[in-house]
Structures are given as C-alpha cells and as structure tokens.
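Please work from the sequences and hints to get the whole structure.
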Amino acid sequence: MLDIATLLGAGLLQAFEPLNLMMIFVGCLAGLFIGAMPGLGSVNGVAILLPVTFLVPPTAAIIFLAALYYGAMYGGAVSSITLGIPGASTAVATVFDGRPMAQQGKADQALTAAAVASFIGGTISVVLFTLFAPPLAVFALKFGPQEEFALMVLAFATFIGLGGDDIPKTIFSILLGLVMAAVGFDIISGQPRMIFFDFVELQRGIGFLVLAIGIYGIGEMLWTLENTKGDVRIHAVTSTWKSFKKNLSHVREYLPTTALGSALGFFVGTLPAAGATPASLMSYGLAKTFARDPDSFGKGNVSGVAAPEAANNAASTGSMLPMITLGIPGSPTTAILLGGMIIWGLRPGPLLFTDRPDFVWGLIGSMYVANFVTVALNLALIPLFVRVLAMPFTILTPIIFILCFVGVFATTDRMFDVWLMLLLGLGGYLMRKLNYPVAPAVLAIVLGPLAERSLRQSLISSRGDVMTFFERPISLTCMLLALALMIYPIWLGIRRRRAGSASGTG
Amino acid sequence: MKYLKTLMASALAVAVSAPVALAEWQPRKPVEFIIMAGTGGGADQIARLLQGLIEQKGLSSRPFIPINKPGGSGAEALRYMQDKAGDDHTVMMTLNSFYTTPIIQEDLGVDVTKFTPIGLMAMDTFLLWVHTDREDITDLDSYVDAVKGAGLDWKVGGTGSGQEDSVLTAMMEAAFDYEVTYIPFPGGGTVAKNLIGKQIDSTVNNPSEQLAFYESGDSKPLVQFTGERMAAFPDVPTARELGVDIEYYMQRSVNGPPGMSPEAVEFYTNLFQTLFDSAEWQEFCVSDGLTCDGMLNGADLASFHASQVEAHKKLIAQVGAGAITGE
Amino acid sequence: MSTRSAELLMAVGLLLLSLGLMWTVVTDELHIGWVEGRGPGAGVWPFWLSAGMALASLWTLARWFRGATPESRNKAPYIDSQSLGLVLISFVALTVMLLLVQVVGTYIATALFLGFYMRFIGKHSWRTTASTCVGMVLLIYFLFEWQLTKYLPKGMKAFEDGFLWIDDFRWQYLM
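Protein sequence lines, in the order shown, are assigned to chains L, V and R. Numbering of the first sequence is given in the numbering used here, commencing with residue 29 and proceeding in unit increments. Numbering of the second sequence is given in the numbering used here, commencing with residue 3 and proceeding in unit increments. Numbering of the third sequence is given in the numbering used here, commencing with residue 374 and proceeding in unit increments.
Treat the hints as calculated values from the structure; they're not laboratory data. Treat the hints with care, since some could be wrong.
As the list claims (entries may be wrong) - 25 Å max Cα-Cα, derived SDA-like pairs, lysine to any residue: (1) V:K31 x R:G508; (2) R:K530 x L:F444; (3) L:K170 x V:H133; (4) R:K496 x L:W251; (5) V:K31 x R:D540; (6) V:K31 x R:G478.
Right, here's the structure in full:
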C-alpha cells in the first residue's frame with residue numbers, strides 16, 4: 029500500500045513536469061474537438077497523431093495520446109447532445125437522452141451532466157486502476173470465449189426494455205442489427221457471407237458507424253425536418269454563471285447511476301475485446317432497469333446521459349490495464365496505443381510494471397491530471413457548444429449532412445460506405461415513421477460480431493457441448509445475472525399489476 | 003497595380019519552378035499506405051513504424067497515410083490495389099495472405115505477380131509455443147505425444163482460417179499425422195493471451211506476439227520453423243534439425259499496384275532502402291525476431307513472389323483448402 | 374399514401390427482405406445446421422436470425438389485419454404533405470451532392486450543396502450564404518485535410534489537378 033503511494037506520488041510529480049503538463053493540455057483539447065466531430069472518435073485521433081509522438085520521449089508521448097483518448101471520450105458526448113449524432117460508437121447511448129434534452133432546451137444541463145459524469149467515471153476508475161491493477165490482470169486472463177459470450181448475453185439482458193412498445197417491431201429491429209453484423213468475411217470458417225451483388229467492399233462488413241451515422245445523422249434529420257415542418261430551431265440556451273451553478277446542483281440526481289456506471293465501465297473495460305462501447309450501453313440499460321421512473325428514459329432523463337458517459341470514460345481507463353499488463357488491447361484505440369509503445373521501444377507485458385515503473389506510473393499520474401484538465405476545459409466550452417443549437421435549421425441541416433458525409437469517409441476511406449450510410453439512413457427514416465425502434469438495431473450491430481464469434485469459439489473448443497457455458501464459474505455467474513435481469517422487469521410488472529388491482533385503481 | 007504584378011509573377015514562378023526544383027519524381031499528394039490487415043497486428047505495427055520514420059527523417063515531400071483494409075483476409079485490400087492500377091500514390095504493406103487469399107478465393111480476379119514489387123522489408127518467423135506449466139512437454143516428441151493423447155481435445159489457437167498460422171497448423175497435422183481443433187481469434191495478440199490464460203493448448207505465434215510472455219516465463223517455444231536457429235532463440239531447435247521438413251516464413255514486403263510508373267518505383271525503392279538501412283529498423287528487427295538480411299527489390303522480389311505463389315499453391319493443394327478453411 | 378397502407382407495404386417489404394437474406398445464405402452454400410463437434414455452421418447465425426425477422430414481419434402483418442397497431446388505424450398520409458416537399462428536396466439535394474463529390478470533388482460539391490440549401494430553401498442573403506460556404510470549405514480543409522491528413526475525394530482528374538495546384542502552396546509555404 030505504501031509502495032503504491034510513493035510510486036503514485038512520483039508519477040504525479042512526473043505528470044506536473046512542464047512538457048508533460050503541456051502534452052496533457054494539448055492532448056485533451058485536440059481530443060475534445062476530434063471527438064466532437066460526428067464519426068471521428070478516439071481511434072482516429074490516436075491513429076492520426078501517433079507519428080507526431082516520435083518527436084518526444086515515450087512517457088510524454090503516451091501521456092499525450094492518453095490525454096487525447098480522454099478528451100475524445102468527453103467530446104463524443106458533445107456531438108451526441110448538440111447534433112444528435114453519436115460522435116463515436118462509445119457515445120451512442122448518450123444520444124438516447126441527450127438529444128431529447130437538447131430539444132427541450134436543456135442542452136447545457138445535459139452537457140454539464142456528461143462532463144461531470146465523465147469526470148467521476150474517469151476518476152473512480154483511475155483509483156481502481158491504481159489499487160487493483162495486478163490482480164485484475166490475472167482475472168482478465170481467465171476470460172476465455174465462454175466468458176465473453178456470457179458477458180454478451182448479460183449485455184443483451186440489460187437492453188430489455190430499451191425498445192418501443194411494439195414487441196414484434198422491436199424484435200425485428202434487434203434481429204436486423206444482428207444479421208447486418210454477420211455481413212462480410214466469417215473469421216471462423218473463412219467464408220464470405222451475404223456479399224450482395226458481389227460488392228467486394230462488403231467483405232469488410234457493415235461498419236457500426238455507417239449504420240449509426242446513417243440512422244442518427246440522416247434519418248433523424250429527415251424525421252425532424254418533417255415533424256417540425258422546417259421550423260427546427262431548437263430552444264436557444266443561454267449559458268450563464270447562474271445556470272451553470274444550477275446545473276451543477278443537479279449532480280445529486282444522477283450520482284447513484286454515475287457511480288454504478290463507473291464501476292461497471294471500469295470492469296468491462298479491463299476485459300480484453302469488450303471496450304467502452306458495450307460498457308456504456310450496459311450502463312444505460314442498467315440505469316433504466318433500476319430507475320424509479322424507467323418510462324422517462326429516452327425522453328430526456330439526465331441519468332440517461334450520465335450513466336453511459338461515466339461508463340465510457342471509466343472503460344477507457346480500464347482498457348489501458350490489459351494493454352499495459354498483458355499487451356492485449358481492450359479496445360481499438362488501445363490497439364493503436366499498443367503499436368505506439370512497441371515503436372517507442374517499450375514492450376507491454378507482465379514485466380512492464382517492474383521494468384519501467386517511471387513510464388507506467390507517469391501514465392497513471394497523468395490520468396489523474398488529465399481528468400481535471402478535461403472537465404475544466406469541457407465545462408468552460410459549454411457556452412460555445414450550445415451556440416450550435418441557436419443556428420437556423422437552413423444552415424444547421426446542410427452542415428450536419430456534410431459532416432455525416434465527411435465523417436463517414438474520414439473513418440473508412442471509402443465512398444461505398446458513404447452511399448451505404450445514405451441508404452441506411454433513408455431506410456431508418458421510413459421505418460422509424462412506422463414505429464420501428466431504431467436503437468436496438470444499432471446496439472445489435474455492435475455486439476453481434478462479438479456474440480457470434482465467442483459463441484462459436486466456445487462451442488468449437490467444447491466440441492459442440494452447450495453445457496460449457498454453465499460449467500465455468502465466471503461464465504455461469506454472468507449467465508445467472510443475465511437471467512435475473514430478464515426476469516426482473518417481468519416480476520416488477522406483475523407486482524405493479526397486483527398492487528394496482530389491490531388498490532382498485534386498475 | 004505593381005503589387006498585383008509582383009504577386010502574379012511570384013505565383014507564376016512557383017508554378018513553373020515547382021517541377022524544376024524536383025528533378026526526380028516526388029509524390030504530389032499524400033501517399034496511401036494500405037495495410038492488408040487490421041489495426042494492432044504485426045503488419046500494422048510495422049507500417050506505422052515505417053510511417054513514423056518517414057516523417058521523422060523527412061524522406062517524403064508528402065506524408066504517408068496508413069489505411070487498414072482488413073476485409074476478407076486481405077481480399078478487400080488486394081482488390082483495392084488492383085483497381086488502383088497505374089496509380090503512383092498507393093503502396094501496400096503485405097503479409098502471406100498476399101499469396102494465399104487469391105488462391106483460396108479464386109473469383110477475386112487478382113494476380114499478385116502483376117503488382118509492382120518495391121521492397122522486402124523483413125521475413126517474420128514462426129515458433130511453436132505452449133504454456134510453461136505444461137511440464138510434461140519439453141520438446142517436439144513429447145508435444146506430439148501429448149497432442150495424440152488428447153486427440154480433438156487439443157486446442158490450437160490462430161488468427162483465422164486461411165491465415166498463415168492455419169496453413170502452418172495444417173502442415174503440422176499432415177507431417178505428424180494427428181488432428182487438432184483449430185480455434186480462430188481476431189489477431190495474434192489475442193491468441194497469445196488465450197494461451198497464457200490456458201484457453202488454448204498451443205499456438206504458432208510470431209516471436210513479437212509472444213516475446214513479453216516468454217520473457218516473463220509464462221510461455222515456452224518448442225520448435226522454430228526456420229532454416230537456422232535465430233539469434234533471439236539460440237536454444238530452440240529448428241524443425242529441420244529434428245528431421246521434420248517444415249520451414250515457413252511470413253514475408254513483410256511493400257508493393258505497389260500494377261503498372262506503377264518507373265520513376266515512382268525508383269522513388270519508393272530508394273525510400274524503403276533508406277528505411278531498411280536505418281539503425282531504427284535494424285534494431286526493431288533484432289528486438290522483434292525478424293530476419294532482415296538484405297532488402298530484395300525489383301526483379302529479385304518479383305521472382306521471389308512468383309516462387310512463393312507457386313509454393314503456396316502446392317502447399318494448399320497438399321493440405322487441401324478445406325483443411326485451412328476448416329469446413 | 375396513408376400510414377395504414379405504408380405499414381402494410383413496409384411489413385411485406387421487410388418480409389421479402391428477410392426471405393431474400395435467407396435465400397442468399399442458402400445459395401452461398403453456407404452450413405445452416407449444427408456441425409457435429411464444431412457447433413453451429415457459418416450460415417446458422419444469418420439464416421435463422423433472418424428467419425426470425427420473417428416471423429416478426431408476419432406477426433406485424435397479423436397485427437395489421439387485426440388493427441392492433443396504431444399505425445394500421447391511421448388514415449393520415451404517411452408523409453405529411455406540407456413537409457413532404459422539404460424532406461424530398463433535402464434528400465435529393467444530399468444525393469446530388471454525393472454524386473457531385475465523385476465528379477467535382479468534396480470541396481466544390483459541399484459548397485454548392487450548402488449554398489443551394491441556404492440560398493433557396495433558407496432564403497438567406499447572398500452574403501451570409503457565401504461566407505458560410507467559404508467558412509465550411511476552409512474548416513473541412515483545415516481540420517480533415519491538413520490536421521488529420523485525410524485525403525478526401527477529389528473527383529475527376531482535372532479537378533484533382535486543380536486542387537493539387539492549390540494544395541502545393543500549403544506544402545511550399547506553410548509547412
């Protein structure tokens with residue numbers, strides 16, 4: 029314990045060196061803006077700025093990239109709330125309640141909640157990281173395909189109740205997302221699947237972002253245009269010192285969900301292959317399931333913004349753990365960070381903690397500092413972000429369309445994906461008008477590939493025996509939790525009905 | 003008026019002088035550096051290292067932009083390059099799926115011998131790894147015994163059907179006359195982690211993917227599939243020494259699309275030669291167990307590719323495409 | 374078209390889509406059954422989930438006939454006639470922009486699209502329109518092309534050469 033304190037102290041001192049402090053500041057700011065662009069997330073930012081880091085020492089370099097990663101996580105929420113388009117896959121769940129809040133003229137409140145929740149999530153998880161890094165690394169190793177699949181089942185269980193009230197249409201939407209996830213090359217058998225009209229581009233599959241930007245960028249925009257007959261001007265928000273203090277005072281409302289989301293996010297983030305996106309979705313699902321007023325979610329509940337934001341920031345810290353201790357990336361972004369570390373001549377793995385404590389603890393120290401810097405920057409910039417909402421729709425709409433196009437192209441480098449986005453957006457709009465919920469499809473396309481792959485890997489390794497999921501302790505626990513989560517809403521419904529009939533109000 | 007004249011004159015001077023100043027060919031726009039694999043893997047790491055070195059040493063007037071096209075074991079990247087025929091601003095970092103993918107996916111319509119060879123940066127090697135806790139396995143013989151004893155319960159991890167390690171696994175099955183269960187994972191790093199977590203029993207990883215665990219004493223190599231013992235693993239016998247005729251490498255070369263102009267080829271060849279000779283690259287080769295004896299280029303690399311394509315055709319015919327794809 | 378007929382049409386369309394998906398899996402000769410000792414084959418996931426989509430569509434159809442969904446009782450037009458024009462024109466303009474991107478390149482196409490939308494739909498003054506267009510183009514160039522080194526589509530050769538000529542100034546003087 030004392031060891032950790034001294035090492036952490038040294039790490040913090042290192043983070044406060046002028047060069048490193050500047051790296052944190054520039055990284056956070058750059059990340060914030062990259063994350064706020066629709067489509068561009070931490071992956072792009074880190075990949076693109078990686079070569080820049082060859083000019084500074086490794087510790088400063090990783091600090092810069094980690095700060096960028098952090099900043100982008102905060103920034104993703106900005107685009108989700110103000111434009112209604114998820115800035116990155118990690119910020120999808122933030123749209124569900126962030127967008128309605130902005131439409132009700134509470135954008136500043138949503139942005140404040142996102143920043144505060146991100147800060148809490150990031151800080152809680154960096155503390156957990158400091159205290160439990162080595163034992164958690166051992167735990168992550170125990171996570172095989174069976175456990176991964178059980179975790180996916182658990183994730184799906186948390187989504188129950190996310191759909192609309194039309195059951196067959198919700199089922200359709202989930203299944204559509206899962207099927208779309210299977211398009212492309214099957215890694216298990218090596219066969220191409222569902223390559224329509226022999227488009228070789230489809231071999232890569234339908235990217236999650238292509239669907240999300242299509243549905244939320246194009247589809248939602250068309251829907252809004254129609255419903256408001258062009259009078260889209262969203263309530264302009266005036267951001268003053270007084271409103272800022274008032275927004276901060278709301279913290280108590282979403283503190284419990286934030287704390288839960290942070291712990292969950294950190295834990296899911298540490299598992300290799302999971303990453304921040306499932307973490308934020310699960311956190312949202314749980315917040316809704318256990319809320320006193322689940323019906324208000326999706327209509328502008330501030331907890332619905334705080335829960336996923338806390339989780340995705342916590343997960344981004346968490347995913348550094350398998351990267352540093354095992355050399356296994358927990359998310360696409362850490363995969364690139366990992367590449368960077370190797371280029372700097374550092375070999376991530378079990379020995380890094382003992383071989384290069386200056387590097388590891390410098391990074392941990394900088395995570396504490398980066399959290400403070402980003403929350404301060406973010407809160408300071410809220411007045412700027414909400415001004416976007418004051419633009420007339422005839423300027424905002426075409427700009428959003430242009431950003432959708434550039435955002436998709438910049439992430440995949442293919443015009444094919446841009447056309448696909450347009451097509452999916454139109455489809456999403458037409459279906460949405462008939463009360464088909466679109467969120468389940470977006471969630472399903474994220475988790476689909478993970479679920480299918482881990483299911484088949486497990487069954488291959490057990491040679492077709494389904495019991496393998498119930499024979500391993502971690503996997504069994506996840507399965508039981510999932511079962512409990514599925515039963516809980518039903519039980520709640522029955523109890524309410526009973527209570528209702530007992531009091532005679534029907 | 004005079005001001006405008008000066009401005010016009012200087013603009014004209016820029017326009018005229020630009021081609022003169024650059025006597026030899028230089029890229030005019032950012033160069034697309036295609037990687038036929040996903041982010042975080044070996045090819046990706048190398049491409050990003052090279053990109054960083056190009057930037058650091060100022061070797062190119064325009065930046066190199068790494069773009070991953072991992073679809074279909076590299077099929078997407080190959081088709082992309084094919085469609086870019088004649089383009090001078092696209093180069094690709096390849097691995098062995100450069101050979102195997104067009105053979106397995108016949109209708110892809112890509113002939114890699116038509117691509118423009120630029121430089122062979124390194125040969126990556128393969129070793130057979132097991133967890134250190136398997137004390138009953140000390141050498142190849144005890145390994146084969148253990149596998150035969152376990153039968154299909156023996157789980158070998160790899161990076162996907164049709165990838166290099168699945169070819170090698172199929173070769174071993176043929177050589178030792180046993181059958182194993184092959185489980186694909188997304189990427190060599192994940193395979194390594196699953197070996198350490200004992201989700202799988204053995205794997206044929208590249209040295210770079212296992213090195214950290216080898217150094218921490220969690221995994222041990224049994225055999226190396228090289229011609230001679232590598233400097234990084236002096237105590238590990240080669241398969242040849244043990245009388246098993248398996249030698250397999252992963253080439254890591256840079257190639258351009260078909261029909262690249264000779265001036266551009268010269269530029270890229272010189273650029274990658276400079277990189278190859280740099281101290282940074284040679285250091286990376288040593289630390290990651292790559293073989294970097296000399297950079298093949300031009301006609302030499304073309305004939306190397308041709309012979310590799312033939313060798314892989316034979317190999318796939320021998321073990322059967324089915325054994326690789328697992329169906 | 375009324376919302377009522379739109380729901381019928383959509384359900385039938387999605388049913389056909391699901392069946393089409395199942396059909397592609399079968400014609401691709403993927404295993405749609407349990408492979409002994411290996412678990413589900415490559416086609417199981419897409420095939421049976423598409424089958425589920427087909428069933429869900431049938432369920433929606435059944436509910437439509439019984440008038441169980443609010444949409445099936447809704448005789449109002451599917452797309453509000455007052456805003457149909459606006460939705461249509463936005464979508465068509467967007468499509469045209471993407472087509473233009475492949476001909477004249479990102480910058481000219483986005484400027485034209487933004488200009489058209491602001492001037493003819495928004496009735497903004499020429500001054501506001503022009504300055505926003507220029508600002509947007511510069512922003513995209515600065516952020517994506519310059520800072521993030523993304524090479525956005527440049528269209529046909531002539532337009533690409535024109536862009537490169539301008540871009541040369543950046544390399545020559547600013548970097």
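Structure-based check of all given hints:
no.: 1; hint: V:K31 x R:G508; verdict: holds (23 Å)
no.: 2; hint: R:K530 x L:F444; verdict: holds (19 Å)
no.: 3; hint: L:K170 x V:H133; verdict: holds (14 Å)
no.: 4; hint: R:K496 x L:W251; verdict: holds (22 Å)
no.: 5; hint: V:K31 x R:D540; verdict: holds (9 Å)
no.: 6; hint: V:K31 x R:G478; verdict: holds (15 Å)
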